Each structure stands twice: as C-alpha cells, then as structure tokens.
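Residue numbers (the working numbering), protein chains in the order written: chain A, 1195 to 1455; chain B, 37 to 746.
Simulated from the structure, these hints should not be mistaken for lab results. As the structure is a computational prediction, the values presented were derived from the model and not from experiment. Glycine is no exception: its CB is placed at the ideal position from the N, C-alpha and C atoms. Among the hints, erroneous ones may be present.
[Said to hold, decoys possible] Distance windows between CB atoms, simulated:
1. Gly1372(A) - Gly665(B): 53 to 63 Å
2. Glu1259(A) - Gly630(B): 16 to 26 Å
3. Ala1325(A) - Val547(B): 35 to 45 Å
4. Leu568(B) - Ala1325(A): 41 to 51 Å
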Amino acid sequence: MTESLIELDDIGKFYGNIIALQGVTTSVNAGEVTCVLGDNGAGKSTFIKILAGVHQHDAGDFRFEGESVKFSSPREALDKGIAAVYQDLAMVPLMSVWRNFFLGAEPSKGVWPLRWVDKKKASETAKAEMAKMGIDIRDTEQPVGTLSGGERQSVAIARAVHFGAKVLILDEPTSALGVRQSGVVLKYILAAAERGLGVIFITHNPAHAYPVGDRFLILNRGKSLGNFAKSEITQAELTQKMSGGAELEQLQHELAQATNK
Amino acid sequence: MTDSVAETEIAVVVDEADAAAIAAETEATAVAGADERLAYQGVFQRLLIRPEVGAIIGAVAIWAFFWAVANTFGVATGFGSILDGAAPLGIMAVAVSLLMIGGEFDLSAGAATGTFGIITILLVKDVGELGGAGLSLHIAIPLSLVVALGMGYANGTVVEKTGLPSFIVTLATFFVYRGFKLGFSKLIIDNISVGRIDEGQGRGYDFWRPIFDGVWARNDPLLESRDALWLLGWLIGGSLIAIAIYEMNFRRAQKQNPIGAFVMLAGIVGAAATIWYMHNFDGRTENTLASALLLVAALAGFGGLALWRYERQKIGSTLFTNETLTWTLAGVASIAIGILIAGALDMEAQQSVLALVDALAWPLVLAGGALGVFMAYRSVAGFEDQQTAIRSVVTMVALGAASAFGVYGFMFMTTEQGLRAILLGAFVIGGLIVLAIAAYKAGRVSPAARFLVLTATSLMGLWLAWFVQGQSRSVKFRTEAFSVILLAAAMVFVWGAVSMFFATRHEDDPVAARLSGQAAKLGVAIVGVGMLTRLLFTTEAEQALGRTNPVNFRMSVLWFIGFAVFATWLLGSTKFGSWIFAVGGNKQAARQIGVPAARTKTQLFMIVGVAAWLVGLLLAFRLNTLQSGTGNGLEFEYIIAAVVGGTLLTGGYGSAFGAAIGAIIMSMSKLGIPASQWNSDWRFAFLGTILLLAVIANNFIKTKAEAAGP
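Model the full structure from these sequences, guided by the hints.
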C-alpha cells in the first residue's frame, strides 16, 4: 500500500511573469489520501490543472508510476488513470443517475446501425457501484438534480472509480455542503482510498482534511509551506500554517486592540 | 498570542466533536439505507413528471371537446385527416424537438422544407428554355438529400465554430433560403410557382410517388372478425391495466386466497357471456339487462382478482364528516348545474344568451377595467408602500384588460353548440375535480366514506351519459361518448367498491413497480392494437349499412409515425440520445466527460435537414407544384409543437413523442375550429393560449425535476 502513484518534485508553473506555483513537492500513494490545503488564491486550482492535464508544469519533475510525464490534455491524464472531479461535478441535472454515470461511455448492444444502450446493465452497474461506496440509490432513473449535494458528489466519485481511475482528484468537494453532507462525502473519500485509489483532496478546511488525510500539502500564495505526513503534524498546527500563521496572529492582535479601545 | 492559540484549539475541539457526531450519523444513514425524507412515489406521480404527459392529456381533452362540438370530428374520418394534417408539421416538430433538447434552435427549418422540395422539382423538370435539369428522380432525390445534409452540416458547423447563438445563425440561413427560393425560381423558370414534379413521369415518378404520396383507403380491407378482435383487445388489455393499477395501489397478501381466483374466473366467463348476449340480442330491455349483468360480472372479476392476491383492510364505520359532505355536495351540485344549464339551453335560449353576451360585451369590458381601477385604488388607499401599490395597479389593470379581452374573444369565437359544450364541460370538469378532492379527503376518514363519494361520482356520470345521449347534436359523439362515459362511470363504481376492502400500499416495492409498469405498457399496447383494428378495417355488415367512412390513410402518416417512433427510440435508448440530453443540459459537463459535443450538435442540425428534405418531398408529391414561399414562417409552429409536447426552450429536457403529440394538437385545432363553425381567424389566439399553458406546465415540471436539496 505504500507504492507511490504520483511523485511531484519541485513543480512550478508560470503565466508570463506571474508565478502561479513554485517549489511544490509531494507524493500520492495508492490507498492513501493526500490533502492539499490553501486559502483562496493559494494555487490550488493551478495544482489540480497540472495533475489533470489541463495545464503543463514549467519546472520540476512530475512522475506518474515512476515515469516522468507531461500530459498534453485531460484525455491523456484520464487514460493514464488520473480523474478529476471538479466542483461543478460535470453532471447534467435533468438527466437520470445512470445516464450521468455512463455519459460518454454507455454500454451498448445490438448490431450497427441498430445499436442501443443496455439500460438494464447500465442501471444495475450504476446501482452496484454506488452501493460499493456505501450509498443506496433507490431509483437510478431519478434525475441527478433531485439528489442531495453529497449524493451527487458520490455519483461523481463512483463514476470516476468505475472507469478505472487510479488517482482521484477532488476539487473542494465539501465546500458547498452543509455539516452533515460534508461528513458523508468524507466517508466516500475514505471508501475510495480503501479500495486502493490514491486520492488528492483539495480543501480549505483543515477540520475536513485532518480526519481523512495521510499526507498534507499546504499552499500559500503559490508556494509550498510544507509537505507533511500525518505523524509529523497536528490539526492545530495545520490550521495555524494554513491560515497564514503569522499573518493571522497579526490580524488577531489588531482586532484585539480595536475591541479593547 | 497565547489567546489566539487557545481559540484555535477550542475551535478544533468543537470541530472534532462535530466530526464524531457526523461520523456516527453517517453510519446510521448508511445502515438504514433509504432516506426517510423521501416519500413513497406511486407510478402515477412518476408518470406525471414525464415531459409528454401534459401534451397527451391536452390532446385527449381537445379531441373530446371538438368531438362534442363538431359532427365532422368523429373517430375514423377525423383521425385520418388529423394525422394527415399533422404529418408535415409533426415530422419537423420531432426533428426540431431533438435539436431543442440539444440546446439549439433552427429558424431556417420552415423555409428549408420548401427549398428542398423546389430543388428536387427543378432537378426533375423537363429541359427546355424555361425548364429544369430533366434528371431522373432516382438521381434528383438523393441529390437533394445530399444538399439537405450539407445545409444541416453548414448550420451546425457555423454555430459550433463561431460560438454564436444558433438563433441568429439560422435566422441568416432562413433569409438565404428565402432569397434563393425566390431568386432561383425566377431565374430558372421565371415563375414563383415551381412545378411540376410529375414531369418526371417515366424517369422514376411512378416508383417514388407511392412512397411519398401513396393512399391507403380503409374501405377495401374487410375483416369479419374485427369486432371480436376489438373486444378481445379491450378485455385482455383492460385486465392488464387493471393488474397494473392493483399492483400500484394494493399491498400483496401474505397468503393467496384461491376462492378469489374462482370468483375472478366466474366474472370473466360472465362478462364474455354477457357480451355475446348483447351482440346477438338488441333492444332496450335486453341492453339494460346486459349492462346490469356486465356490472355484476365486472365486480366479480375485479373483486375476485383483489381477493385472490391482495391484503384486506377494515372498511371503517365513519361514513361522513362535515368536510367530506360539503365537498361531495359541491361536486355533485356543480355537475348537476352543468347538466341542467346545458339541458335548459335549447337553440333559441342559446341564441338569446349569446345575444345577451353580445349586448353585455362592452359593459363587461368596461366593468373589467373598472374592477381593475377599483382594486388599484383600494391598494393605494390601503397605505401600502409605494412599490406594492404600483405593482398592484399594474397587475389589476392587466387583469382587467385580460378579462375584457377574454370576454370579447369568447363572444367572437363561440357559437350555440360551443357555448353549451363550454358550459357543460366547465361545470363537469370542475365538479369532477371537487369530487376527486372529496374522495381523497374521505379516504382519510375511512375507506367506506371514500366508496360513498365514488358512488356519488359514478351516479353523476350515469346521469351525464344519458344526458349526452339525449342532447348532443353530434350523432357520433352521442353514441360513442355515451358508452365511454357509461363505462367510465361503471369503472369508478367498481374501483370504489373494490378499493374499499383492500389495503393501500404506501411503501416502495420494486417488484410491484416493475410488474405494474410492464403490465400497464402491455395493456395499453393491446388496447391500442384493438382500437387500430377497429379504425383500419371494415366489416361487410357495416358496408351494407353504408356506414363506411372513406378514410384515406396517406403515406405521410406512415412517415410521420415512423419518424416519431425512430426519434423516440434514438432519444431514449441510444448513446446518441443520452448525448443529446447532455449537450443541451450541461454542455460544459458533457464535454469534460468526453461527449463529442460539437459533433452531436452538428448531427442534430443534419437530422433537421433530413426531416426538411422529407417534408419537402411529401409536399412536392402531394401538391405537384410548390410556391416559392412554401414553408416560410412555419418554423415557429414547429417550435410551438415541440414546446407544447413538453420540450424545454432552454434545452436538456423534452420528448420527441411529445412533439408529435404537440403537432397533433395543432392539427386538431386547425381542423376543429372551422369544423365547429368558429371563426378560424381566432385559431392563433387559441394556439397562443395553448402555448402559454404548455410553457407554464413545462416550467413547473422542470422545477420539480430539478429541485435539489443538499
């Protein structure tokens, strides 16, 4: 379980003279969750886009299963087994669960030109895959729009897992959810890791990251503030580092002064 | 500094406590499986959010309405010509609905039909100084198809490459088509009416004509066993539908009761015997006797089935509460008032009522306006805040104007027969709705109370049936509607009686859901085949009586049905269908996940092109000569038909089958308004109203389907 799927060594990305990301080092192991924490504008999106093949890194080394890679398109990353689940989940709200699940890769039967989608198989597979994530979809015909935010997230995760993802990148899966739904999603993240996937969990909430993460990468203003294994850091330290440590203290100090007056 | 650390720590502790609670609850939810907030959804509710259901209900209602009002709107004749009229519109509406579900519009679709027809004619027309290319139809038809595909491809590619709204791109194509049609017609044959396709005689005309304009007359095919087949269809199909309804509603018993099976068999045998008796003996007493026997047999059959398989329940002793009594009486009164008014309005009375409406029209208009002003004044004088006051003024003035317009429009549109149908229909439908509410409320009091309400409903139906038979001026309506209403009344009674004794199912049961779904589909299909048999075949006895309707089913109808079925299959069962929904519903997501969005949309434009080509040829063979303006401006009718059929203007949701029904509704209004002797100038007002109602209904359905609860 400690085989490294992804290793990043001193990765950097520049847009002209803007340094979007610099000196980022971390690793993703199969069956483990690597959390990427950072405030807004910390470079989290750039980080995901490099991994998912939307952008290419300009510096450093990106190794996937031991090989140096530079993806030219999301398709290429997907073919290798790196699947990104973005915040908008890439779902069509008015379409049924199973249609969303198999969108773009529908199982077919029949002879061309009379080929049709094997609805029964698709529906059953979708239900089974969701069950493996520990969620019971009562009716795979119901539109995705009628599912709750957490359930929708789980459909997206289950879909990525089913289509052979080795590494799952989750972009702020809990940010739009309530407390309970967030808990549900965290459970799916653990479920995915237990099934042997490497999970990259991007979030700005240390309370969500710490319980599930095995490794933490903290970004601030495009720079890495450190890459820690769980044993090396406590949640308090994590929170402290993430919120920009010294800056926050300064702010609190000023606020305290203001209120004392 | 120490403060801040302490605070963070507290925050962390809270978070951890939260996390533990979350974990526990999550566990519980996962174990429990089903979400307790999801209420049981019966098959009916699930059906109701299908996009085409509204259109089907609307089509049946409009059909029944015109049928009651106009004599020429009978089962067989009307059906043939309604479908024939709907065919060109329907083929296009189906194609346009696919495109709209894919999130695009094609404003050139109307002009395109004429264009491809004219191109074919020009290619076929004899060579001469002002002649065509003189090609064989075997070449001209595929050639125009290639042009159609190319134009669709061009539309799609321009929309996709430029990213411009398809609205504007195809508007441009529309004008190009218009110009080319006129320009080429005048340039090549110096005439704006382009004919004739039958100059292709000897060059494939005889081969292609039956394909695009063949006629199939109903009078030829004799089928002596037609009525038997028809009845058998109803019997088997009806039983399947009954099983579906039972499975949907009743809880299955732990142990089956074999006595029930015997009772059911006895009922079926009794029904068959009674039908045979009715068939062979005709007369007032015999018919009454047979009807009574049939009712008993139906009770035995349906009751037996329920007794055999489903769980019993207590019928309860409370029969009425004040509330249910009030609702029931209101419903009964409404139907009674409708029947009495319609009965009292003889020809003269109706004329005087109409004269009264005529005389009162302007006062009513003024009264509507005055009411608006009064309400506005009240809301201003009520010292509400300014914005609310302004809003009320605007609303009330609009309401006043609308009511005035409504009164005036009604006065223009209506005739004596229409007035009666409208009054009767309004009171009866209103009464039925009130009675349905009463039955629902009574059902919560006790099953027996519900049975009483349904019995009252059934009795009112009985009265209505007899009234219609005696009063309607449309002969066909009189005879056929009589039996339909009578049957419906009997079914309500039987259902009330049976459902009183058996337990209603409130929980989800996938097995029952699947079984009822399959039984319902099969049942409807068998009944449909039975009805088609009745419609398409004739018997010798009927011919001897001279009651054969010279219905002509044209090839266009077959193309229409074929295309609608194909599109429904494409949309519902294929990969491409999923992609259509996806690119219309969320193009970004579709693309992210690997759907070839641009290609899908371009192919949709090409499908519209093929449909326009088909319609162009149907028109060319039917009319022989096309005007250069053929098809111009019809694109909005296609869009209306698609929207009436449940397709969303914003894309991502809809139904090809619904669009076909939408086209049938429009065709019915086209034929029905003149047939009921209304001023057909008002057809568009009628269409507009239907469109508005359809859009409101669609919007409601979409909100239901999209409602998310994180």
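Requested in this report: Any hints from earlier that this structure breaks? Give me their numbers in increasing order, please.
Outcome: The structure conflicts with hint 3 only, although it agrees with all the remaining ones.
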